[in-house]
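Engineer: Residue numbers (numbering that gives the first Met the number 0), protein chains in the order written: chain A, 0 to 200; chain B, 0 to 985.
These are calculated hints, taken from the structure and not from any lab test. Glycine is no exception: its CB is placed at the ideal position from the N, C-alpha and C atoms. Hints are not guaranteed to be accurate.
Ranges between beta-carbon positions, derived for each pair [unchecked claim]: (1) Ser199/A x Gly491/B: 48 to 54 Å; (2) Arg463/B x Ser199/A: 18 to 24 Å; (3) Pro159/A x Thr848/B: 43 to 49 Å; (4) Arg51/B x Ser199/A: 53 to 59 Å; (5) Arg133/A x Glu548/B: 47 to 53 Å; (6) Gly259/B x Ser199/A: 55 to 61 Å.
Residues from chain B that keep clear of chain A, each with C-beta distances beyond 10 Å, as calculated [stated by the list, open to error]: (7) Thr1; (8) Phe18; (9) Asp78; (10) Leu268; (11) Gly528; (12) Ala561; (13) Pro598; (14) Ala626; (15) Val654; (16) Ala913; (17) Gly958.
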Amino acid sequence: MPRALMLTLCFLAFAVAGAGETPADMLKLARPRVVAADFVQTRRLGELDMDIRITGSMVSELDGRLRWQVDSPVRSVTLIDREKLTHFDGETKQLAVIRQETFPWLKVLRDSLDDWLSGDPERLEKRFVLTVPRPGTLHLEPRDAAQKKLCRSVEIELAPDKSAIAAIRIDENGENRLEIRFSRVRNDPVLTPDVWRVPSR
Amino acid sequence: MTELAAHLIRACGRHRALFLGVLALLGVLAALAAVFRGRFTNDLDRLFPATRETRAVFSLLHDAHLADAVQLEFISGSDVTRHAAYLEETARKLEKSPMLRQVTFRYRSDDPGAELASFVALAPRFLTPEVLENCSPDAAAKNALKKLAFPAPGLVRQARMQPFGWERDLLTRLRELDEATGMRLAPEFPFFVTPDRRRAMILAETSVRLGDADAVRRLFAELRRCAGPLPEGVELRIISGCSHTLGNEEVLKRDAAISGGVSLVLFLLLFLWACRGDRRALWIPLLPLYASLLTLGAMTFFFREICLYVIGLGGCVTGLAVDQGIHVYAAFHGGDAERRTAALGLPMFLSAATSIAVFAFLGLTGISAYRQLAVFAGLSLALSAVLALTALPLLLDRDRERRRILPLPAAPGTGRRSAALIAAAVAALAVPAFFRVLDNADLSLESLDGTPEKIRAGELDFRRAWRRTGGETAVIASSGADGEEALERLSGIAADLERRGIRPAMPPRPPRRVQAANRRAWRTPETAGKIAKLAEACRISCRRHHLPEKFFDPFFAALTAAVAAEDFSLPPMLEHIDRKMIKTHGVRAAAVALLPDTPENVRAVRAVLENRREEHSALLSRGGFQALIRETAGGRFRHLLVLSVGSALLLMVLVLRRAGDVLLAMTPVAAAWAAVVLTAFLTGFRVTPAAAFAAILLTGLAADYGIYAVCQLRRPEELEIRDPILLSAATTVAGAGALLASRHPVLFGTGAVLTPGILAACLAGVFLVPHLARPEGKKTLAVLGAAILLFVSGCSHTAPWETYPQRELLAPRMRLYPDAPFRLQAVTEASFSGRRFRFVLAAEIDPGTGKVLLAGVDPGSGALLFDGGGKPGEAPRPGTVLAENAPGGLLKFLEALPGDLRQIFISKDAKPLAAEEKTEYIVVYSEKDVLWLLFRDGTAEKRGGGFFSGAWRAEYRDGGRRVHYGRRGPGYGYSLDLEIRKLWCK
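For reference, chain A alone in the conformation it holds in the complex (with noise of 0.2 Å):
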């Protein structure tokens, strides 16, 4: 569960990637319909005053598909479509496959989610407050009490061309904050089918 509702907000990035000056500019402008990258993920503990750094790599389908590919500190993929979130433990070799039909909030999650996917600025301003703090970031504000909870703020920063996004920085409660760097993003890459599919064990 809190894997998936982080990688929501990887997903939302992606549905606004594309470059502008005004909230309404980015999201109309034109997005790839796949986008392939490396992250490093530096977890920040305010209490403790602490980084912790997760790397890995991600593909992201326009029409709704995600994989999430963890190298370090521990392995594991994790593919989201339609109908499931299929989780595969590189560290035990196990695969754990959740069902929309078993698991409604997964169905929830996948409602938040084509919200966000369609890019639509309607949809969005009515779950967030869009603000452009300075060129080429998105600052996302929630405006429902409970998605609060989860996250303060997101921000969405830009790569310095505009062609791809460089970082997502979701805020929690100002001490904790995760920030998600990106780097060699591809749009549009050649894919193979294996990418949608789990590792063999």
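Given chain A's structure and the hints, the job is docking chain B onto it.
Structural biologist: Below, chain B without anything else, positioned relative to chain A:
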């Protein structure tokens, strides 16, 4: 004692006819009493104290009919669903069988969408009208649009019939139930099919009694008749507890044929060899049987119901008395037959009295079956001893020819000292082996099940095919006059458990009383007004969202009809589950709920049942049963066992009056136990309850050998014990040795204990005891004692830490982490409540103040799972994503985690005090009840909180980079595996 025995023998000899006549008359009266007065039972609950909990467990075991299930599995090499018509027909045939009930093949209708849509009809019975307050017509319209946008069949009906998600609670219950049962099914079929479509199943229940082998055979024939002829390529397998009845019977038949045949031949050979065909020797086993009959007759006047298994166990105990007859048989010959027989009075009295003392204490347990066993065994043994002394001489021929069993020289040979030393060494080796054998013991009830491997393999294959992997399931069962009363009671228990954070998987419907009350509330004019208002608001919302205005009308029509309806019917799937979980046949109805069989759940359920003083509800689970035995029976036996052994020893001290003689008398017992333990250690034999019971018999027999041996040393001119001991050992070994050919664990376990044990005890009684009694034997005794002490102390000595030579080398192995405040990051896997979860642990530990600040991060998404902690007593808080759904077990885990990290990472207070070298490791004793085991391979282990093995244990590898930590109950138990990736000082 000898004088009294001589007087008795003389008196009986004078009035031979009268005495035997009285005995015959008493035997007839006892037999009549046993037949006409005796009421016998096989109820296992008599084996437990008559507490509220045991009464409830055993009555619910009967009422819940959990053992009645029969599963017919159809295995096909290809797609089994091709044979759906055949399976349907077979189910119909099974339904007509008088031996079966509740036959289920289809568990839901063909159209799951229709079934889901029909849930609206349940709303006025399952829900209160308050749900209307939270219905948003706008959200309903939006959700309907979302559903319609999804290109899947059946969603239109679903969207129209489920606007407000009222079905979610029911679906959650079904999901919980699905998780609890752990069944693997292909959901696309309305009947039971595995996801690979190779197996199908028909479920049924039978009224056949589990232990009735003939009825089980008839049932299986009936099942095969109904299932025949099988389609080509399809195999039928019957999975049922009844298979164990037939399996056990099959194994026992084979064992009886082989073991019985072998022991019969051995007994005949012994009889012909030792007694030279003297038919009067047959009185030896008959007299203990007669004593048992007299006791049984007497017991019918004291006990309202006598447990049959007590008679069986007591009969085995009475078998000890055969040895008394053998001694009398050996002594009663020639002109001074009476004098020699009277000399047996003291050892016979003492051996019977020690056995009786042990059993007498069983009577103090307050448990019905043990009280009966104490009376039966004690009285039978006492009567057997008296009859052996008084009646047996009247029935024997004093002028028969004598023959020695083994023509061995009576004088000690030169090899005896060596033999004694070897025996001492063996006994000493047995001490460490004893603890290993005890560790390896299997005292579960399953260990008594002799079901053949083929049936077990079939059941395992069935479980693998039909069940998802996971832990055991526990059942909470409640009974009542009818199903509704049972369900009401169960619902009350579930409500109490939910307050403790435990949610059992309940039957998916509320009791009818609640359903009726809900429906009445829906029929009020206010509610009708609210429904009408909501329907109108929905129409407006539909218009606003460009949906047809009457889009939700089918929902409101179905709801209105359901409010007006009078029935309590359920959709097919719920009906199937309801029938499985609420059993209404039998004298009392029962309802069951399921939950994982974890120690925390067992504790919570037992506490709730105790608080509610539930007489008609019980926890039926492996874990619960073990806890019940441990708490209600275990505690009583520990004290009484010590008392009974102590009293037997005291009796020996009082009669023999010399501690040295008591020790000598106990030598065969030590030898017997050493032989059994070493045999078990070398062969890997696992101790079972049957073996434990055989060990009690062995102790009794071996102690008797010791008593006779000591008495012979005192009166060598009157007593000759070598032949009778050899003969009695030979008869026991002839019976027990043949059991080694058995496949049934009960028979094999008995043979495996008695055969080596009796051989060793007999040799010790005949050779070792006389040797130890001589002056040179004292040296052997000293060697024996020293060897035992050496092994008990672990072949090593403890040295103060300050003077221990290797302390400089060992100290760094216990200083794995800095003494100054430090930080670490570790990939951590926690296992608790049968679950595992992995997180990245970030912690700051201050060994000076004991402050532990920590956080857990999901290693995939980076989500914060928990953070906080601090001073001792402060627990971390679950993160936002966990806070709402954190199970009770997780919260307890978080509470315990900081304290456990202190135990793992802080060692500075545990100052080493002493070291002791063992074979595989060095033990370092420290302050604060902590000890270190430093292994030769570099592994270190820290234990604490307990005397022997400790309440917690941390194992360090790679210089402390990898840690396995385990924490045992009775508190909250779990384990942690940490792989430290980073560690640095602040």
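Engineer: Against the structure shown, which of the earlier numbered hints fail to hold, in ascending order?
Structural biologist: none
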